[in-house]
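There are 2 protein chains.
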Amino acid sequence: MENNQIKNNSITRQEDDFAQWYTDVCKKAELMDYSSVKGFIIYRPYGYAIWEQIQNYLDKRFKESGHENVYMPMVIPASLFQREKEHVEGFAPECLIATKGGSEDLEDHLIVRPTSEVLFCDHYQKIIKSYRDLPKLYNQWCSVVRWEKTTRPFLRGAEFLWQEGHTMHENEEEARTETLKMLEVYDDLGRDILAIPFSKGRKTDKEKFSGALETYSIEALMPDGKALQCGTTHYFGDGFARAFGIQFQNREGKLQNPFQTSWGVSTRLIGATIMVHGDDNGLVLPPYVAPIQIVVIPVAANKPGVIPAAREVAEKFKAAGFRVKIDDSDKTAGWKFSEYEMKGIPLRVELGPRDIEKGQIVFAKRNDGQKIFCSMDEMVEKAGELLKTIHQEMYEKACRYLADHVTEVKDLKELDAALEKGGYAKMMWCGCRECEDKIKELTNATARCLPFNQMGIEGSDTCPVCGKKATKVVLFAKAY
Amino acid sequence: MENNQIKNNSITRQEDDFAQWYTDVCKKAELMDYSSVKGFIIYRPYGYAIWEQIQNYLDKRFKESGHENVYMPMVIPASLFQREKEHVEGFAPECLIATKGGSEDLEDHLIVRPTSEVLFCDHYQKIIKSYRDLPKLYNQWCSVVRWEKTTRPFLRGAEFLWQEGHTMHENEEEARTETLKMLEVYDDLGRDILAIPFSKGRKTDKEKFSGALETYSIEALMPDGKALQCGTTHYFGDGFARAFGIQFQNREGKLQNPFQTSWGVSTRLIGATIMVHGDDNGLVLPPYVAPIQIVVIPVAANKPGVIPAAREVAEKFKAAGFRVKIDDSDKTAGWKFSEYEMKGIPLRVELGPRDIEKGQIVFAKRNDGQKIFCSMDEMVEKAGELLKTIHQEMYEKACRYLADHVTEVKDLKELDAALEKGGYAKMMWCGCRECEDKIKELTNATARCLPFNQMGIEGSDTCPVCGKKATKVVLFAKAY
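Here the protein sequences line up with chains A and B, keeping their order.
One point on numbering: in the working numbering, the residue at position 436 of the first sequence is 543, and numbering is uninterrupted.
One point on numbering: in the working numbering, the residue at position 17 of the second sequence is 124, and numbering is uninterrupted.
This is chain A alone, in the form it adopts within the complex (with noise of 0.2 Å):
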């Protein structure tokens, strides 16, 4: 009855082919399925438990600086989305489309929402009438659509969860502070809590939102070395507003339009976390996203006293704050091992009677294998200072993929050698949308962002496409 053999053979090697091992990690790691609605995923409980950490995050951080939670509606009168011109065009091919409801047909058709900016914008233009209504800053935690054609677990998907920031200000400068704050709460939880280091800038003019001045992003490069785009924060100025009728009476008794951002991350954090940080044995959760931070396993479980002690151990965990799961069912320890090392969980505990006798348990860390045994008194003081380590090594190791896997280049040789290594060229730019184009064909590489460190490249000041003279430091890599 018992599946015995060691799971983790099941994988695809990363080496052999990192797209299949990704797709084998999601699907035997038991974060999703596939469901009978094409290019719609099911978030299984293991892989949406990410998610809800995440959230957890990320929601007390919004409301400990003002944010307030709402919900609108999830479809959108397309006589409405079409009020900002820029905006429908960006979004329009991506659209699904209802146009019965009940046994009617309906006259205006309604898009599920692919975003929300024009409903966000037509509730503001009702409740916003004074500086003193300013700013509103709301959030919506929910899922939307974008009718893709190729679509990949987590990564790009017809429907996705995530959270929409949508903010109004009564002047500019608010707005912009805003757009950048955000920015640095995203790039907090990538530091504090997925162990991925972001690289943050600017997004070209043909990169940024439609319908947005500015776009910034947060960019992870992925062992592949291609980049992913791990969430944005948008400035709007006033054009939204201006399309929408949105006024406010300012602090000299004059109307004016008010100032815009948005911003959101999704649950494409939850692929770049398993990418950043998996291996040929599975996912390797960083410990404070793990829906399961300690795993208890009995060894020689069927020996007396075993069990009674690993759920005894396993509750002291419970009891100190742990997110904890023993495993005391029937299966053979080794199959438990491979099991927990596949879902990544980021320490194992281990006893058998020996340890017992000696009361003592054993560590394993998920990111690097190594064992420590600890006193049964020093357990819960110790799993704490591990977890932290196993953060901090797993992070460490990412930033120096990262630091290796960002090349200078002077020249379009250099540029090709560069993503034929895989991860960004940092190279000057003349900021033309031409030598972007020309770039993207040559190579396929797309501009990630103008870094915010615009420290330039010793011996080098022209653009490595045109020649001309160039003052921006840019990002270029393939991307997913």
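Keep in mind that the hints are not guaranteed to be accurate.
Where chains are identical, the list cannot tell them apart; a pair therefore holds if satisfied intra-copy or between any two copies.
[Said to hold, decoys possible] List time: in silico DSSO-like cross-link candidates among lysine-lysine, alpha-carbon distance up to 27 Å:
(1) LYS192 <-> LYS145
(2) LYS465 <-> LYS432
(3) LYS233 <-> LYS438
(4) LYS207 <-> LYS145
(5) LYS425 <-> LYS167
(6) LYS361 <-> LYS438
(7) LYS207 <-> LYS256
(8) LYS167 <-> LYS432
(9) LYS236 <-> LYS145
(10) LYS256 <-> LYS585
(11) LYS233 <-> LYS135
(12) LYS192 <-> LYS207
Quick caveat, the hints were computed from the structure, so don't treat them as lab data.
Owing to the predicted nature of the structure, the values given are computational and were not obtained by experimental measurement.
Please build the complex by placing chain B on the supplied structure of chain A, with the hints as guidance.
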């Protein structure tokens, strides 16, 4: 610039027009707003925060009892939806249907989920193979769409937020136990959080969920004498499992179909809370669901030291874990009193120069207007006691109203009189559909439930409609 009018004047009085009072409160307490999408509302921050409190309570209860959260697609292929016949007949008339994706016409239309039984079954069919995979105890937090013609905020809408539990079990008994257990969780929510006494019971076959073998419900009684169904749990037997080919190897090694339940409550609970407790001054929120439990209002705030003292007081309440707001704006104290009465905040704290001198504050209870002077040293402890008292008083008041509005009836004349008075007509019933239909036809009342307490009616053992011997006790009422 200031709106100094007593805001409450702008709410219709309950006795003048209860329905208008309800709408006024929903709008003016800023719980919701209408959107540009017909029938869809906007859940504003204050309304959404009530839902978050309900979520916090339920999510904890679900997880403690072994349930896991998942997320399924928001659309269901029409072909899949049709697999369980009764189910599709029940829901088809109120479905929103997507027929276009991007620029394509969809061959298989997509139904925006009105409920997700079929998606869960489709998934369970893939992942349930052995009795070892059971039970599956899944829950989903999401929104669903019902294409309703007549909508009312929170009570009936084209889209509402809810949770839907979907579980699969090895045997009938376990599934039946789950069905009743989750009803108890909802009942606890009413008693402990919403201060609403629910009437619990089984639905008649006429009123049960499309596709269920048995439906149980919690019903609340509104001040206009109408009942509101506030949540349901369903026992499906193995009907869906057969329709979807879900089979598992049981402990005897034979293939069989598992037994299923589903259960849900929605943002309709917000509507119930508004109606059960509200008064002519607006909302009256039960303390444990109130997004703000204590509002601190400085009196004679222009006097030196008052605002700092008020802030200090607010901080102390916050530090003790209460949900606190301080309004130290330059609006008048009178305006603030009205405003936060309208918003139903359970406990108001006032303090002015003389209170500060005496080292005291004044509590005012929203539910009955009572004022209590309290020394600053004791105020934190006192606040906890008062919130508990307020909850208890509100719950008891609602219980008294309910008890006063259950009328035992023996014939159709008494039934009429009872419904005229408002509330439940409690009667014996032969159990046949014809008599149930007849009452609906004559009085427009529906069978709310066969209450768990089946204690008979003295002096009555026949059905008031057909005069035949009757052994079932049933509650009829007009309903939302």
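Results for each hint:
In this homomeric assembly, LYS192 and LYS145 come within 27 Å of each other (Cα to Cα) only across copies, at 23 Å, whereas the closest approach inside a single copy is 30 Å. For the homomeric pair LYS465 and LYS432, the shortest alpha-carbon distance inside one copy (23 Å) is at most 27 Å, but the shortest distance between copies (54 Å) is not. Taking the shortest Cα distances, LYS233 and LYS438 sit within 27 Å of each other only across copies (22 Å), while inside one copy they are farther apart (61 Å). Proximity of LYS207 to LYS145 under the C-alpha cut-off of 27 Å is found in both arrangements, the shortest distances being 20 Å within a copy and 14 Å between copies.
Taking the closest pair of Cα atoms, LYS425 and LYS167 come within 27 Å of each other both inside a single copy (23 Å) and across two copies (16 Å). For the identical chains of this complex, LYS361 and LYS438 are inter-copy neighbours only, at 22 Å across copies versus 73 Å inside a copy, given an alpha-carbon limit of 27 Å. In the homo-oligomer, the alpha carbons of LYS207 and LYS256 lie at most 27 Å apart both inside one protomer (23 Å) and across protomers (14 Å), since each shortest distance falls under that limit. When the C-alpha separation of LYS167 and LYS432 is checked against a cutoff of 27 Å, the pair qualifies both within a copy, at 25 Å, and between copies, at 17 Å.
For the homomeric pair LYS236 and LYS145, the shortest alpha-carbon distance between copies (24 Å) is at most 27 Å, but the shortest distance inside one copy (44 Å) is not. For the homomeric pair LYS256 and LYS585, the shortest alpha-carbon distance inside one copy (19 Å) is at most 27 Å, but the shortest distance between copies (50 Å) is not. With identical chains, the CA atoms of LYS233 and LYS135 are at most 27 Å apart between copies only, with a shortest distance of 14 Å across copies and 49 Å within one. With identical chains, the CA atoms of LYS192 and LYS207 are at most 27 Å apart both within one copy (26 Å) and between copies (21 Å).
In the structure shown, no violation is registered for any of the earlier numbered hints.
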